[in-house]
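Engineer: Two chains, two separate frames, one set of hints: put the complex together.
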Amino acid sequence: MADLGYVALVLAFAVSIYSAAASVLGKRSDRPELVASARNGVYAVFGLVTLASIALIYALLAHDFQVEYVASYTSRDMSPFYTLSAFWAGNDGSLLFWAWVLSIFGAIVIFQNRRASRELMPYVSSVVMATLAFFLLLMVFVSNPFAKLAFTPTDGIGLNPLLENPGMVFHPPTLLIGFAGFTIPFAFAIAALITRKLGDEWIRSIRRWTLFSWAILGLGTLLGAWWVYVELGWGGYWAWDPVENASLMPWLVATAFLHSIMIQRRRGMLKVWNMVLIIIIFNLIIFGTFLTRSGVISSVHTFSESALGSLFLGFIGIALIGSALLLIYRLGDLRAEAEFDARISRESGFLLNNLILVVATIAIFLGTIFPIISEAVRGVKVTVAAPFFNQVLAPIFLIIIFGMGIIPFIGWRRASLGKLGRNLLFPSIVALILALVLSLLGIGNWYAILAFSICGFALSAILLEWFRGVRARRRTKRQNYLGAFFSLLWGNNPRYGAAIVHIGIIILAIGVIGSSAYKVESEASLLPGESMTIDGYTLTYEGMDEYIDGKKTVVAANLSVYQGGSFLGTMTPEMYLHANHPQWVAEVAIRYTLVEDPYVSLGGWDEQGVAAFRVLVNPLVSWVWIGGVVLLLGTVIVFWPDRLERRARSLKQGQGGEL
Amino acid sequence: MFKKRRYFVGGFVLLVALGFLLFNVFHSYSMYYYTIGELKAAGESIYGERVRVTGQVAEGSIEYDVENRILTFTISDEEESLPVLYEGILPSNFDDGVEVVVEGGYNSTGVFEADQIITKCPSRYVPAE
Numbered sequence: 179m180a181d182l183g184y185v186a187l188v189l190a191f192a193v194s195i196y197s198a199a200a201s202v203l204g205k206r207s208d209r210p211e212l213v214a215s216a217r218n219g220v221y222a223v224f225g226l227v228t229l230a231s232i233a234l235i236y237a238l239l240a241h242d243f244q245v246e247y248v249a250s251y252t253s254r255d256m257s258p259f260y261t262l263s264a265f266w267a268g269n270d271g272s273l274l275f276w277a278w279v280l281s282i283f284g285a286i287v288i289f290q291n292r293r294a295s296r297e298l299m300p301y302v303s304s305v306v307m308a309t310l311a312f313f314l315l316l317m318v319f320v321s322n323p324f325a326k327l328a329f330t331p332t333d334g335i336g337l338n339p340l341l342e343n344p345g346m347v348f349h350p351p352t353l354l355i356g357f358a359g360f361t362i363p364f365a366f367a368i369a370a371l372i373t374r375k376l377g378d379e380w381i382r383s384i385r386r387w388t389l390f391s392w393a394i395l396g397l398g399t400l401l402g403a404w405w406v407y408v409e410l411g412w413g414g415y416w417a418w419d420p421v422e423n424a425s426l427m428p429w430l431v432a433t434a435f436l437h438s439i440m441i442q443r444r445r446g447m448l449k450v451w452n453m454v455l456i457i458i459i460f461n462l463i464i465f466g467t468f469l470t471r472s473g474v475i476s477s478v479h480t481f482s483e484s485a486l487g488s489l490f491l492g493f494i495g496i497a498l499i500g501s502a503l504l505l506i507y508r509l510g511d512l513r514a515e516a517e518f519d520a521r522i523s524r525e526s527g528f529l530l531n532n533l534i535l536v537v538a539t540i541a542i543f544l545g546t547i548f549p550i551i552s553e554a555v556r557g558v559k560v561t562v563a564a565p566f567f568n569q570v571l572a573p574i575f576l577i578i579i580f581g582m583g584i585i586p587f588i589g590w591r592r593a594s595l596g597k598l599g600r601n602l603l604f605p606s607i608v609a610l611i612l613a614l615v616l617s618l619l620g621i622g623n624w625y626a627i628l629a630f631s632i633c634g635f636a637l638s639a640i641l642l643e644w645f646r647g648v649r650a651r652r653r654t655k656r657q658n659y660l661g662a663f664f665s666l667l668w669g670n671n672p673r674y675g676a677a678i679v680h681i682g683i684i685i686l687a688i689g690v691i692g693s694s695a696y697k698v699e700s701e702a703s704l705l706p707g708e709s710m711t712i713d714g715y716t717l718t719y720e721g722m723d724e725y726i727d728g729k730k731t732v733v734a735a736n737l738s739v740y741q742g743g744s745f746l747g748t749m750t751p752e753m754y755l756h757a758n759h760p761q762w763v764a765e766v767a768i769r770y771t772l773v774e775d776p777y778v779s780l781g782g783w784d785e786q787g788v789a790a791f792r793v794l795v796n797p798l799v800s801w802v803w804i805g806g807v808v809l810l811l812g813t814v815i816v817f818w819p820d821r822l823e824r825r826a827r828s829l830k831q832g833q834g835g836e837l
Numbered sequence: 063m064f065k066k067r068r069y070f071v072g073g074f075v076l077l078v079a080l081g082f083l084l085f086n087v088f089h090s091y092s093m094y095y096y097t098i099g100e101l102k103a104a105g106e107s108i109y110g111e112r113v114r115v116t117g118q119v120a121e122g123s124i125e126y127d128v129e130n131r132i133l134t135f136t137i138s139d140e141e142e143s144l145p146v147l148y149e150g151i152l153p154s155n156f157d158d159g160v161e162v163v164v165e166g167g168y169n170s171t172g173v174f175e176a177d178q179i180i181t182k183c184p185s186r187y188v189p190a191e
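Respectively, the protein sequence lines represent chains U and P.
In terms of the numbering used here, the first sequence opens at residue 179 and continues consecutively.
In terms of the numbering used here, the second sequence opens at residue 63 and continues consecutively.
Pulled out of the complex, with its shape left as it was, chain P reads as follows (with noise of 0.2 Å):
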């Protein structure tokens, strides 16, 4: 029984460093995943950190401007609505009603500040009704 404690304790090294290593890395890239209510509701606890939001771009609410490459539009749903800023090229199948999630800062200005747009994927896998 000696050497399978061996075994044991070597898995048990493994997982336990593992833990660790994990823990460490996962402090600076875990955020928080809100709908646009919870976002406001958080208030200034969230101001300057990393979050993402979702919603669906309004009607409307985009505008571009080519030379500067900012891109300004407003997401919403059912309850509430967000104004979003964004400095880059324009996303890829984003339009008027895309679902899309934004990952970036809120603070006192009410804007959110983007630095990554995900539209979401075609719905492939969506079930009939």
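Next up, chain U with everything else stripped away, as it sits in the complex (with noise of 0.2 Å):
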């Protein structure tokens, strides 16, 4: 089964590359019957690369350990659900994982332009094949998921028991159908450089896509930070580790690329702009995945070099080099159909929202590979630590949540200052207030203070807007105000889901402002009986249990928790010891509220029974988390097809059209 697996990566890698140049070959020697084979072709190797996933998937769940790559992450005591989960833990099966994403969507946009595109598809199919024949070549020559071991181990390794946590499951893939993702918008941009199509077909083609990428590797990201938080046990969720960045820099400027398409289509100006950006996050993806890869950045993830790096940065030469060159090329096709009128505009605002974007993205991915730069250089490696990211970081994301709450009350074309002035007088008067209850509360640092006053204010700015429409709603269709809001939210769903995603964001953004500014820690070493008490939670230290669960053994120590006298309950940090991996692993203990989490971690014991902890208190975590599923659900709504896009979809069907 394993042998019919590398075969179908090896055909589907010829395949690819034959689907790849006769779709170009055909459309540019104008024969359709090429063409025609060469979409042939993305289905089949749609059906080889799933094929070669199958036959992973059997091989992990039926324990075929000669395959190296099944005994090195499963073994059989592991549930099926994580050994399923083993196909994307290490890097061969990522990279197969990836392949088969990237051709499953190849499918679906092949298939759903069938009947429409004829100019655009041929290169689009085009480059989403040649970036699968890359992913293959990598597996076909390189890192082969169904190498063979010499002999048959009885047992594999297993899985790395931190990695054995559901959110640590659902987070590879999740990114990887992200990254994967922009490869279909990606492609549709080279080809409308190709065939000089500028104008508004292959943005309209791509928004579903790139939403629902961006969606995902927003997902994906938040994913990651849930894991960081309760596995890695450091009482933080973001580290701004290389591999966090590689996620991070990608999802910034698809942000930035989601709201500057929305001035293309309405003013058809930004053409340029948008090309660099689509470039730009493709790019900084395969790097993304190129870093997690090679051992060029010592990263808590990565620490091994391979043919692999090399292999990775001749395809982001070639991706960048190509793309930039078909862009200067096509310059002269890519002219604005309007200028910016004044200095004020809501077009002005999304540029600034964008450029702002893109700085933060060059200042993480300048923090982020300065190592790679200095060691070059200068023969010494130095690293740039998180405090680095968080100081730079925090006024440019404000700038952005301050826009969050100016800019929709900016008009297109131009602003009229004093309408902007009087729509903006509540939400200035929010903040204000806001930040004088803050100060009062005695609620620290002034920093904070500010960022949250921002935050009160785009919040506030965003619900007035909102109200405002189911106010005047409410008037003209005679509804009551739930009626109103409903056939608002649902009459214009573009606008008022991104208002819920900026909802979102601002809710995600006042969880990381309490999380950094106010977080509160300390240690003790307790005899069972003892306490400590720390930012008003006494804990006291009950016992500890040692038990078996199935391979792992465990020790747990149990801890009281009470808060001004009443008991609040227990917590229990652990340390285990899992048989198939050699050392102590910390699980830590966390009390997830809305306010703030109590975070204890077991970090050592000795004979007289003296366990150490450390405990932190960490406040508005939970809200990083909400601000999170908002941010979906909002995502969800713009996603969603309007009233208008319904309508027109039910009059084509009653005509007897197609979609």
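There may be inaccurate statements among the hints.
[Claimed, not checked] With a straight-line cut-off of 30 Å between C-alpha atoms, the simulated DSSO-like cross-links for lysine-lysine are:
| no. | chain 1 | residue 1 | chain 2 | residue 2 |
| --- | --- | --- | --- | --- |
| 1 | U | Lys326 | P | Lys182 |
| 2 | U | Lys597 | U | Lys655 |
| 3 | U | Lys729 | P | Lys182 |
| 4 | U | Lys729 | U | Lys326 |
| 5 | P | Lys182 | U | Lys697 |
| 6 | P | Lys102 | P | Lys182 |
| 7 | P | Lys182 | U | Lys730 |
These aren't lab readings, by the way, just hints derived from the structure by calculation.
Remember, predicted model here, so these are calculated numbers, not experimental data.
Structural biologist: Shown next as structure tokens:
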């Protein structure tokens, strides 16, 4: 079965190269049968890569330990759920997953457009197939998931226990789906450049693909943060580790892209900018995938060198230089259809938002690759610690949030400053009151208070605008408030869905501000019966349990938590030793509330019965997760066809046409 | 073209502002990343500076005083070894042979005083040899 998988990969590699070439050749020499053959090739590749994936899944579930990958990441005692997740646990498998997802997306996009975009599609298909060919090349020649051992082990090494966590199971595939998804908009951009169809067509085709990929990438990044918080146990959820940055950077640029394509659709402007952005996004993604797999940056995740690195760099080189040259070549065709009319307009506001997001990405990029540059230039590695990123990016992100409050009130083409001022009066007052209240409550430092005020400003601005819309609709449609709310929401999905997304970001920001600015920490060594206090909490060490749970030896410490005299509950931090993993792993105990999370780690004990604990109180962390959920909900609403589109579709269906 | 120039200027100003911000903050939070040999070779020049050093935890070198939460161990690589002192609870995933990055300061005592220990994540993306 494993051999079948490898053969399928080899065949897929050959067919993808054929399809990429035939597509372009057929289009240029006007031979539709070649183009059709290339299209079939896309479906064939999808079938072959699916076959290879099924082969891997089979090998995993059937415990075929002669396959090195299966032996490295699974063992007999693992549940089917985690055994399946081993598919993407290692390098080779994750490459196969990337390829599988891309082959699925390629097939979908070809099918979606089988009767449309005849000019663009051959080139779209070619770019997708070429990218797929690259990943297949990696697997066929360097990182074969089906590589076999010379013998068959009786059992596998198993998954690292840190990875046996639901968040960690979903984090890699979500990220990979988001990454692969951006290949489609990139392919359309290249196709548009080649065919000189640089108007609305490619933008319209990619809107949902971009939205989907952006949302999934965001979800994957948040899941990673969740895993860091729950499993790594140092008390935070983001360390600005290169691999974390690798997923954040394309996401930030994609956020900019989502906004600027709106401007191109409305006013035909920013055409060159949009091209630049999507090229950057795609290459950042490949670069990020490269970072994770080569030992180039010493990060928490990676520490080994291989031929993979050079191949990735080669691909990035080709993709980047190729698309840049193409863009320069077509610069003349990318003329804007309108000029920026006034200094202050929604267009310029969007452009500012874009610039700031790109500036933030540049900052993160520089901080991330600085160790490589310094080592190459000066022979000594210089790393950049987390506070660098926090200090540089905090003001940048606050400006963006501030913009969320202002820009929706600025009209397209030009703004009336007087009107703007009147609109912003209420949010400004809210912000000031908030700042006053917070400082009176003695909630510390001015920077955090300013940040909270800005969030309050933006939030109240969004809500105000929404309320006005509801009120107006209530009057005109004679509905009650609730009815007006929903009909407004469903009447204009993109606009109000976007408002929800912005609200989600603000909630997330509040969580980030709270947990960064007001974290409290303490350590203590306790005998059973002894207590420690932190930030109004009293924790009493009750005692220790030791027990066996399957393949794990668990040492669990029980602490009773009191706040202001009343008993809140028991927290049980653990350390366990898993049979497959030679080191003791800490399992943090967290108590989730809306206000703050008490967070307890067990770190050592001795024969006298003394146990060492580290306790953190992390304020507002739950707001980060809640903000993420709201963000995703808003995206679903934006994604949904709005009233106009639904009506257009039902009209088309009524007339006997297809979608 | 006048209008376009305005936007180039704006973008340029932003980049300059960023550069300024980066430069200022960078100094406070950049640190050298050394191997043990490089650390020792650097000598007095890095006393009192915040640095990172990488190595493997030497077999049998871990000693932990639970009462006072003081951890001492030795990191080594193929060539050199370095004693490390850390105040805090025992880190997760920490044992003989584990690859770590320690962050802290070094001085004439010859003992590295770490305030952060980073154990490397499970090696998920190690390519098949």
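Engineer: Has the given pair, Lys326/U with Lys182/P, been kept, meaning a C-alpha gap of at most 30 Å?
Structural biologist: 27 Å, holds
Engineer: For a C-alpha distance cap of 30 Å, please report whether Lys102/P and Lys182/P respect it.
Structural biologist: 23 Å, holds
Engineer: Are Lys729/U and Lys326/U close enough, with their CA atoms no more than 30 Å apart?
Structural biologist: 27 Å, holds
Engineer: Would you check the hint for Lys597/U and Lys655/U, treating anything up to 30 Å between C-alpha atoms as holding?
Structural biologist: Holds. Lys597/U to Lys655/U sits at ~26 Å (cutoff 30 Å).
Engineer: Lys729/U and Lys182/P: Cα distance at most 30 Å?
Structural biologist: Holds. Lys729/U to Lys182/P sits at ~23 Å (cutoff 30 Å).
Engineer: Holds or violated: Lys182/P and Lys730/U, Cα atoms, limit 30 Å.
Structural biologist: At roughly 21 Å apart (the allowed maximum being 30 Å), Lys730/U and Lys182/P satisfy the hint.
Engineer: Between the alpha carbons of Lys182/P and Lys697/U, is the straight-line distance 30 Å or under?
Structural biologist: 25 Å, holds
Of the numbered hints given earlier, the model fails none.
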